[in-house]
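A.B. asks: Protein chains in written order, with the working numbering: chain A, 6 to 330; chain B, 6 to 492.
Hints may contain errors.
Straight-line C-alpha distance at most 27 Å; calculated BS3-like pairs for lysine-lysine [as the list claims (entries may be wrong)]:
#1 B:Lys289 - A:Lys123
#2 B:Lys195 - A:Lys123
#3 B:Lys367 - B:Lys383
#4 B:Lys337 - B:Lys242
#5 B:Lys230 - B:Lys94
#6 A:Lys215 - B:Lys180
#7 A:Lys263 - B:Lys293
#8 B:Lys410 - A:Lys307
Derived coverage of chain B by chain A (criterion: at least 3 residues anywhere in the stretch with Cβ under 8 Å from a Cβ of chain A; other residues may be distant) [unchecked claim]:
#9 155-168
#10 184-194
#11 247-257
#12 273-283
#13 431-443
Calculated directly from the structure, the hints in this document are not laboratory data.
Note that CB positions come from ideal geometry on N, CA and C, so glycine has one too.
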Amino acid sequence: MAEEHKPKLKMAVYWGAACGGCCVSVLDVHETLLTVIQHADLVFWPIALDTKYSDVDAMEDKSIDITLFNGAVRNSENEHMAHVLRAKSKLLIAYGSCAHMGGIPGLANFFSKEEILKRAFDETPSTENPDKVRPQLEYNVPEGTLTLPKFYEDVYTLNQIVDVDYFIPGCPPQTERLVEVFLAIVNGTELPPKGSVIGVAEHAQCEECKRIRSDNRSINRFYRPWEIEDDGVSCFIDQGVICLGPATISGCGVRCVKGNAPCRGCYGPMSDVVDMGAKILSTMATMINSEDENEIIKVIDKIDDPAGLFYRFSLPASKIRRKIQ
Amino acid sequence: MTRYSIDPITRLEGHGKIEIFTNDDGEVENVYFQVPELRGFEKFVEGRPVEEVPQIVTKICGVCPGCHHMASGKAVDAVFGVEPTNTAKMIRELFYMAHFVHSHIAHFYALGAPDFVVGPGAPKAERNVLGVINKVGVEIGTEVLKQRRIAQEIQALIGGHQTHVVMNVPGGVRKGIKEDERLDIVAKSKGFVEFAKFSMKIFNDVVLANKDYVDIIVNGPYSLKIHSMGLVDANNKVNFYDGKVRVVDTTGKELLTYKPNEYLENIAERVEPWSYLKFPYLKKVGWKGFVEGQDSGVYHATPLSRLNASDGMATPVAQEEYERMYSVLGGKPVNNTLAMHWARLVELIYAAEHCLELAENKEITGTDLRNKMYQTPKEGVGIVEAQRGTLTHHYQTDDRGLVTKANLIVGTTNNHAPISMSIKKAAQGIIKKGVKVDDGILNMVEMAFRAYDPCFSCATHSLPGKMPMILNIRKADGDIIQTIKRD
């Protein structure tokens, strides 16, 4: 019975530059929510609860046991909240691809801030903006001054801004993985070393994929998914379509491939890999039916948008981080 | 001048705030609704293979990813110059009806209903979905969760990913539906139809049977006389997946119709220096400011505007309910913002009925999943109705199909000006000299934008449905003199 007297965990869920999908993945615990609230009080979750920034400011440092921070850091408001929640939390978890590696919003690092603003507010054909108005950080209206957060040049991962204890990857994380991690914490299971990626199985997607792989690959060129007639059974790579499964850690249940779409790597690399895109590139090179380096380069060169494909979810976390301007 | 800052409120991908300014007499001078966020999808899809874009743009919104996937998939079809096969169209539409069922159920019970079932002036701790369940009973509450889950299961089965659907390829879909799956969906859709009708009954019993509520809907500070937009089929019936965009004016007369590839002649967007989100308006009318009336360029794109812009619903029970709504509210068009909740339930019935119709058609198990008569990729526009408004995706590519330009006009964006105006009107009607601004007042202001089901609230669809709000009453120099929290 002693367990029942264990103090409840205090949990927070917050979003930076995010789509809401991570919060939906938390909601998707369905009935398990009843187990969760037996063991934890949610103290801050803007999506569902009324806790305000000022309430969080008033909390003691380290008074939140676990914070799931989803979304990348794209503007000054995201950054401010990352610092606040770091200070208030014992465990700060980067939750989902955007907080983990920058995610899809991280593709913006292929462009400058000015290019993005110009596209949105000057160039798009439906925009009528002859005076070249741009959103202002401070703007005086007759009644007072209105303010907006600062839009940054780059997209950052959470651990590029603050110290992060753990990473739970995925776009969004598979709900079952979150529940496993949560129950492990509740049960006092010893956690892996700080900085680890958790809620994953330490093998590539291919280990769990039901598609049939050939032992003798003979790839002479890569195809875009629409260029082939997917047979629904064979490994995508065997069919000449680039799939990021071989370089992506497991945890999602191979969900996209089950929907007949090749993996795009949202779960991130295996734990010993520093740069996911470089790893995929080298993996794809080994699949090509040639020993001749020039031949291999020729095949690789014909891949459309290799950087956007290989760094689909991980550009801000990569060695290159952004396009040099 | 007193300033009321409502910050933060939760919005579609994060964040939003409202600034209310009152004069020395306590009357509202002006209200600003600000969206402080931008991620730049229109730029960073450039260079990407266009067939990858439907999987990228789902990440605009994790709550309505299916809408972006559909608009994008249709734009990609157009880029390749192909029409999807009939089977593929049916499968897409079936998925889409399940997406609407899930979203509309969630909005009604978690967001809309608390203000009516529990009551606008009820203790704030009860004014949420748990309060709704307390009123209607655990059995019904469980049924709500069950129907939402079933709608998600159908989406996962067809869409391939429980959140960020991956089903569309140029000219079709990646995966077919097997006969046993079809029969399962038929059974589940029958449950949707019954549940949708039951939800309408709750609305009748709780809202329409209560004179006070009807008075708030009809006479409260919640009406906005603006034009109405919606996608319609060849018979001018409401359609979520396909058709032409129709706009009717404030008198109910057709103002214009356009096909997806004509959107640029019809819609323009304005930039204001105090918000990162743009303000669309009817281009042929022009931007006349944040004003109502027949001469205004402002339109809304909501469940109510879709009904206003149509001649009816394409399924029988939804049509009966459509007629009943207009007969009770005095004919078309209806301008009462809170009637959006009612219109949403009419649409829920349509989505459920049409989901069943599609599943009952054995042709949906066909194996012609993709039309591969691809042309050299060039340019395409795709339009669908998202739950929260007409959604437009427009791509241009090079001849390898790599995106060179993209433009998006997103559901809630259409309603940016109307939401701002509705909030202002509600605030003006409610915050007056001598009125003590408390939590109940705050909620009455909040009801003005909640009716739109704006995407900044869609995440609250499945849990206690309150928006986090703090109201700071400041002196003109910015010092806070009073803070009201909703907890």
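A.B. asks: Does the structure keep B:Lys337 and B:Lys242 at a Cα separation of 27 Å or less?
C.D. replies: holds, 15 Å
A.B. asks: If you draw a straight line from the CA of B:Lys367 to the CA of B:Lys383, is it 27 Å or shorter?
C.D. replies: violated, 35 Å
A.B. asks: For a C-alpha distance cap of 27 Å, please report whether B:Lys410 and A:Lys307 respect it.
C.D. replies: Holds. B:Lys410 to A:Lys307 sits at ~22 Å (cutoff 27 Å).
A.B. asks: What's the verdict on B:Lys230 and B:Lys94, does the C-alpha distance respect the 27 Å limit or exceed it?
C.D. replies: At roughly 36 Å apart (the allowed maximum being 27 Å), B:Lys94 and B:Lys230 break the hint.
A.B. asks: Sort out whether A:Lys123 lies within 27 Å of B:Lys289, counting only the CA atoms.
C.D. replies: With Cα atoms ~25 Å apart, B:Lys289 and A:Lys123 stay inside 27 Å; holds.
A.B. asks: Holds or violated: the segment 247-257 of chain B covered by chain A, criterion of 3 or more residues with Cβ-Cβ distance under 8 Å?
C.D. replies: violated (count 0)
A.B. asks: Are three or more residues of the segment 155-168 of chain B within 8 Å, CB to CB, of chain A?
C.D. replies: With 6 residues in contact (Cβ-Cβ under 8 Å with chain A), the coverage given for the segment 155-168 of chain B holds.
A.B. asks: Test coverage of the segment 273-283 of chain B by chain A using CB-CB distances below 8 Å; three residues minimum.
C.D. replies: Holds: 10 residues of the segment 273-283 of chain B have a Cβ under 8 Å from chain A.
A.B. asks: In terms of beta carbon proximity below 8 Å, does the segment 184-194 of chain B have 3 or more residues touching chain A?
C.D. replies: violated (count 0)
A.B. asks: Given the hinted pair A:Lys215 and B:Lys180, is their Cα-Cα distance within 27 Å?
C.D. replies: Holds. A:Lys215 to B:Lys180 sits at ~16 Å (cutoff 27 Å).
A.B. asks: Under the criterion that the straight-line Cα-Cα distance not exceed 27 Å, is the pair A:Lys263, B:Lys293 satisfied?
C.D. replies: This hinted pair is violated, its Cα atoms lying about 51 Å apart.
A.B. asks: State whether the coverage of the segment 431-443 of chain B by chain A holds or is violated, taking the criterion as 3 or more residues with Cβ-Cβ distances under 8 Å.
C.D. replies: violated (count 0)
Going through the hint list in order, the structure does not satisfy hints 2, 3, 5, 7, 10, 11 and 13.
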